[in-house]
Structures are given as structure tokens and as C-alpha cells.
Amino acid sequence: MSSKNLIPPKLARRFLRWFLRDDLTEEVEGDLEEQYVSRVREESLLKARLTYWYEVLRYFRPFAIRTLWKFNHTTMIRNHLKISWRTLLKNKGYSSINIGGLSLGMAVALLLGLWVYDELTFNRHFENYHRIVQVMQNQTFNGKVETWWSQAKEIAPALRANYPDDFEYVCMASWNWDHKLTFGDRSIKMKGNYMEPQVTEMLSLNMLQGARDALDDPYSIILSSSTAKAVFGTEDPMNKVIRLDDEVDVIVTGIYEDLPFNSSFASLKLIIPWGLYVTTQNLQQRTSWGNSWFQCLAQVADHADIRVVSEKIRDVKLNAVAQSENSADDARFNPVIFLFPMSSWHLRSEFTNGRSTGGRIQYVWLFGVVGIFVLLLACINFMNLSTARSEKRSMEVGIRKVMGSPRMQLVNQFFSESFMVALFAFLLALLLVLLAISGFNTLADKQISIPWMAPAFWLVSLGFVLFTGLLAGSYPAVFLSSFLPIKVLKGGKKAGRAASRPRQVLVVFQFTVSVVLIVGTIVVFQQINHARNRPIGYNNNGLISSPIQSDLIRDHFDAFRQELLNTGVVENVAASESPITSINITNSGFYWQGKDPDMSEEFWTSSITHEFGETIGWEIEKGRDFSTKFTTDTAGFIINQTAAEYMGLSDPVGEVVRWGNNGEWTIIGVVDDLITRSPYEPVQQMIFFLRSKRNAFNVYRNVLVKLRQDVPLQDALVKVGDVFNKYDPENPFEYSFADDDYAQKFANEMRLGKMAFIFAGLAILISCLGLFGLIAYVAERRTKEIGIRKVLGASIISVWQMLSRDFVLLVTISSVLAIPLAYLIMSNWLENFPYRTTLSWWIFVASIAGAVLLTLLTVSFQVIKAARVNPVTTLRSE
Amino acid sequence: MKETRLGEFEEVILLLAGILGEDAYALRIAQEFKEQTGRSASVGSVHATLNRLSNKGFLKSHMGGATPERGGRRKRIYTITALGQRTVEYARELRLSLWNQFPGLATGDLKISTV
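Keeping their order, the protein sequence lines are chains P and A. In our numbering, each residue carries its 1-based index in the first sequence increased by 133. In our numbering, each residue carries its 1-based index in the second sequence increased by 12.
It should be emphasised that the hints constitute simulated quantities derived from the structure, not laboratory data. One or more hints might be untrue.
[Unchecked claim] Here are the computed lysine to aspartate or glutamate pairs in the EDC-like style, where the Cα-Cα straight-line distance is at most 20 Å:
hint, chain 1, residue 1, chain 2, residue 2
1, P, 324, P, 379
2, A, 72, P, 156
3, P, 180, A, 23
4, P, 445, P, 298
5, A, 72, P, 159
6, P, 143, A, 22
7, A, 46, P, 176
8, A, 46, P, 175
9, P, 313, P, 378
10, P, 277, P, 156
Throw the hints in and build the complete structure from the sequences for me.
Have a look at this one:
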């Protein structure tokens, strides 16, 4: 028998030692070992071991369990908490700076965390999230690849016929626009799409009434539950007949649950069968491969890889177009079809040269990083304030150590303090988030709520608190607990310059981040202003725009116009094909003298009435505006400057342009560039023309009314509305101000700018709070020095200089570090905008000046307070 | 006033401690218990009882000799106190007086089987 066998099971013994009262250890271990040895000798090893385990477990009874283990630890923890609480109460100012700063940082991080989560879970709700794709196309115009989300209606049958195994569903759809629903005397407008019936399966719609085959009937309609409620109230909507867009009667065959706000189909409030669109609009005759007017959604088959399928189908349009008789022309744009997965729709929707180059995902990153930084800044405050105050607590550490406190206990003490602060800060942060979330939702255009019921949220929050507590408490815990008692107790540890070095580094870090954020915010706003101040080429003041919804207005436009003028509140009235702020129709097939035969041209076009130019106040550069005096003007073009350059014509007036089958047109005028699309993009080449028999398809869809400036707005609108109602009694008068529409184009950037502004402000506030705490401490520590200096004749100014110098220096260093960083980041951001502001030097100077000024303000308050104290009061004691 | 009555288990343990004298430590008592009664008891439960009896003042203890099979650890030897002595005696007398009143014994009919 080896002696190894005489050692009882180690685990059992460890367990025994863990719970057994210390004073019993010797006898009990002795007894059990004696028994074990005899069992090994007399019986078997296994039996001996089992007995040992059994006996150990039988010792787990009240009399034998150590009381120390049971109570002392909680006592210690209670003591830690008590001391932490007292420390917090003792230094109220310092604690409130700490907790306040930390909770601000946490609230920002929480909000941004929720925002990032919301962005990343966009569309995730759909069951087939990983397999739904948008069928897209790249076309090359004049050497430039353009990416279109739109498709011709022929694409779906082609995909179904040629690649039946690769797709589960292919589904043509119209774009999402307003549809008028009339039931009885109630009529209401809701956004919706024409879609092929299988869309219900693809989007896994939750049918509250009816089944997923509800769209099979060509004259059916399915409504979201909110739409059904709006139209029918409490009535049962099923099988009711409603009139759609004043055109056709459809039967409600299904009700589906509204799709979530954070999805691409949030405004899919009703679905009408695609077939109905084709028949009512006569699309079969009117459109072919050349008309990419619709969208095509698809779901790839279970086994299929989106990338592989995407590569497979690339030439489906090119091949079809080459074979067809009337669309062969489209082959020269070299259309490449590809699939764009749903997971990328929201965050990676920008394309350059036919490739997805990101988009919103940049902002997700940006705000994620900002959130982490702001939290970091708040943690730094805590670290700095704790270490700076270490001198005050060094005595406590010394005494504790002398009394026999091991280092771990001190570490625990400091961690429990930081966890306590972190916990308080977190509770406060939750409160802040609760207060701020509705404002934040408005700002960010979101519907985010705190997920109170989600365990994951609490788990993350707990991790968050632990992380913050650990981060904020680690440095003080390690640093403070390392003091040697003899040194601290001998005469108070005087920290040298080197001791404050880490603190200075952290302050520099804080202010570097802050200055970068200041610069960023200024640049964002400057870019917005830059685009806003861009000359738009016309006068949108008092200009209202209204969609034409009734043929009466179209057919009797002159009478309608005259009546509007007769109201006396209107200066001028015109009609056009597209609204002035979004001319989005393109045409090709133009030929002119000197055109490069290889050029695949494309123009943005709009038909207008004679008065259009006068109404919007455009500037004719060469030639003349349309005039009723010349009947030949119905074959006239007015082009913009960009178009003149695009066509390579130095003297375009009088040039003749042939437009496909629509005959020959003469350029009669060149107009200054108008911004009708994105204010960040270069102006596109445009052609304006009148509508006559030769181009009857260019229907007027929009009325522009220029109001007189001297009439009160409300009166004017009422009078204009009356005329509209007379010609279009069916529909309520709808209008928008052209300048509002234009401002809408800045909404995204404004939103970003405001968010950046708020978070930069908070970051700076947090940094300043930390600085405030630091300077308060420094001033307090140096009261005696200040007193002596004053006695020796120092002025308040010189004391102020002395104390502020260090901090101003730190902030200056931060600024120097921040400038190249900010320059890099912001010039990168500006790259996104073809029409962009320049990063001028004054932005950086202003940011630095602002940071230094803020520092001085923060510092001065405390410093002047300290410097003004009568030296007698500070020097009297001791 | 502490509880002075003895339970059956306690009484046996107390007696065994008295019987074993200088050898009365938890493990030995547990083994003796098994030998004498045929029932097994864990060391822990015996120890707990010894502990309880000490608290009641029936036993006192001191640390005794170490042996190699115990890994050089000492054992706690329990010795019966005067109070303990009185208590078992009282228990025995009580029992005897009860037996004397028992009808079978008085008439001599009682069969005591010995194993």
C-alpha cells in the first residue's frame, strides 16, 4: 500500500476546511483521517474514500460550521458600505460632482447604446430577414455608374422564369405613396404599396383577420390594423367595399398587424394587388424594360447564397433588352442586376460607382464611439478626484494598515466606494434617461423606450455598473492601497510633481476628446449653413406648392389661375410636372449638333406653364423666358447653365435638339442653375418645356402659388384654399411651403448636428465638472501657501495666475493634440458631400479659445475664492 | 437553566464516554457505539452530541495525545463531570424504579433473552 492512499480525498478535505470552525479542525481532521486510514487498511480504498466524504458531509451541521465564515464577511461588507456612505456624506460637494458627472456620462452612454441597438436591430423583426433582398441595378451613364433601387416590371417574370430554383418569392411592387380610401362619407389618406400577393408570405405578415392569400383576388385590399381603425372605427372591416383613389372599388380581404416602426416597411399601411395597378394604369402597354418605375423585392431560396445568386443574375436585363425590339436602346447603359440584402438596406444604402459604400452605419459607429468616450470622460473624473484626494485619505489608509488591515481589504474598501458611486450614478442615469427619452426620440426621429422587462437589458446594465465601478475604482484602489503606513503616518505623504502626472495625462485626454467634439460640432453646423446659404437660383419666399388631384384644375387651368389672381392675395400662379424642390424625372434620347455619338445622355426634365419662371423668379441668363406671344414656344426648351456645359454648347440659344420620337425642339433660353434636388449635390443638367399635344404625356401635377407679401398669411391661405376647393371639392386643400420643403432636405444633417451638439456639450460639461473638482481640491490643499504668499505681498491676480497656469497649459496641450485628429475626422466626413464647406483655420482657433476660456472660467471661480480669503484665517491655526 | 434531561442517544454517548475513559474521543465513541448497539452513527453526529453534552456541563474535554495515523493531530478527550455522573445515575434510578413497578418483572414472568 502506497502512502499516497493514506491521504484522504483532497476535495472533501478542502470542503471540510472551508466550512469547519477553526478550533475544531485539528480533532475533526484527526478523527476522520484516523478512520480513513483504518478503513483503507481493513476494507477498500473506494469504501474508505466514500466514508470520508460521507463523514465530511455529516459534519456540515450548525455546531461545526464556522461563525466567522457566516457572519464576518457580511459584517465587513456592511462596514465597507457604511464607511463608503459616510465618506460620500462627508464630502458632499465632491460626491455630487462625482455622482452627477458619472450619471450624466452613463445617461449619455445608455441613450446612445439604446440608439445603436435600435439601429442595428432595424428590420430584424422579419422572419426571412436573412433571405429578403431588393433587386437593384447598376447602369453606366456617360462613364458614370449609377445605382438604382428601381426596376422595370419585366424583371420579376424574367427572374422567375430563368432562375426558378434560386428564389422562393419574387415580388414586384410600386413605391410607397399616399392612397385615398373612401368608405361611405369618410375618406382618408394612408401610405401603401401595390404589391404582388406573395408579399404576405415574404414579409411574414401577422394576419389578424383573413389569411395570407388575401391578395389573390385582383380587386382586394389588405389594411394594417391602424388603417382599418382609422377607416372603419369599431366596425368589422372584412369584406367591406372601399373606393381606392377615387378610381376603383376594392374589397377588404385581410387585416394585418402594423409593421414595427424600426423597419423599412413602417409606412406600409395598406397593400393592393399589383395586378390592379397594371390594369388601372395600363402599364402593360405603357411601360417596358426601359421604364424602371417600380421596385422588385425577392426572397432567395433556403439553400441559396445571396452573393452567388446575385452574380448569377447580373445579365438578366441585358440579355432580355438585347433580344427585345423596342428596348434595345437600353443595352447601351450596360445594366447589371444585383441583389441587395435586407440587412444592408438601412445602414449601408449609399452607393458610389455601383458599390455599397456605407451610409448610416458610419453614424452608428460615430455615436457608439462618442457614447463610450463620454462615459470614459466621466470615469476619468472619478479617478482623478479620488487620486487627487488621496492625500486626505492617506492617513486613513495608514491607520487601517497599522490596525492590521490587509491590502486586499483596502482594495475592497475602495472598490465598494466606487461601486456605490457607480450604482447611485446608474440609478440617477436611469432617471435622466427616463426624463430625456421622449426629447431624444423627437430629436433622433425614433421610437425608443427603456426595455424594463428585458432581462438582457438588466444584465447589460449590471455589467455596465460593474464595468464603470471597476474602471473608475481600479486606479484609486491600487494606488491608495499601496501607501506605506510608516511614510504616511510620519508626516503626511507629500505627493511630488510626478504623482500628479497620470492625473494630468487623463485631463489632457478629456480635453482632447472635448476639443475634437467642439470642432466636430462647429464643422457640422458650418456645413449645414454652407448648404443652406447656397444660392438656390430662385425665390422660395411665400411660395406654396400643392399637388393637382383633380382633372378639373388641369383642364381649366387658365380659369383656375385667373380666379386665384382675382382673390387679390396671389401674385402669380403656375403649374409644373414636378414640385420645384424635387424634380425627379429623367429622360434620355436627345440629339443635338456636335453631340459625342458615344455619349449616353440623361437630363432631368419638367414640363411647366408659361408663368413658371415668373412665379419662382428665376434668372434668365441668355435668350428669353417662355412667352404666350410666341406660339412656337410649344417646341421650345429652356435649359439650365449646367445643361449648356453638359451639352458642350457655348451659345445654346437657337440650337435645335431632337428628342426621340417627340420631334425637334429649339433652345430659346438658358436659365441660372436652380437647386431642385439635394443641396449637397452638384446641380444636374435640366430641361424645361411647355406641355402641348406633342408631349401630352408630360402631365402637370403640381401648382405653384406665389402669395403676396403684404397680405396676412392666414387670410391668404383661406382664400387660396377656397378656390382649390371649388375646383377640387373631393379633396381637402393640401399645400406645403417651398422653403419648408427645402429646409426638409437638411433634416437629417440638422438632426445629426443637434445630437452632436448636445453630446459635445455634455462631454465638455463633464470634463469641466472634473476640472472644477480638481481645482477645488488644489486650492484647498494650497490654502496655507496662498496665505503666506499674500502675507508676503502677492496680489490676487498673481495667485490666480499661479494656480490657473497649470490647467491652462494642460488644456493647451490637449488642443494641440486635438487639432490634427479633428482635422482628419472632419475632412473625412466632409468627403461625403460634393458641395461642402472648407475647414478654415478659425474653427480650430475658436475651439481652442473656447476650451481655454471655459477652463479659465471653471478654474477662476475656485481660485478667486481661495485667493480672496484673508490670510489670517488660513494661517491662524497650527 | 439548561436542559438536564437526557435523550436516549445522549445517555448512551455519555455512558460510553465514561466507559472509555482516557480513550473517549469522538471517533472512538462512534465506533464503540456501533459495536455496543449495532447501530451506526457518523462521527459528526456523535461529535455534535458530545458538544451539546459539554455545553450542558455533563462532559468536559481536553486535548489528548497525537498518533501517527491521525497525521500527528491531537484528539479531544471527553471526561464525565460530577454533574454528568449524577445525571446518568438519576436516569438509571428512574428507570430502575420504573422497572420495579413493571408487572412482568414483579411476578417474575419476564423473559430476558440474551444474545
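Ascending list of hint numbers which this structure does not respect
3, 6 and 10
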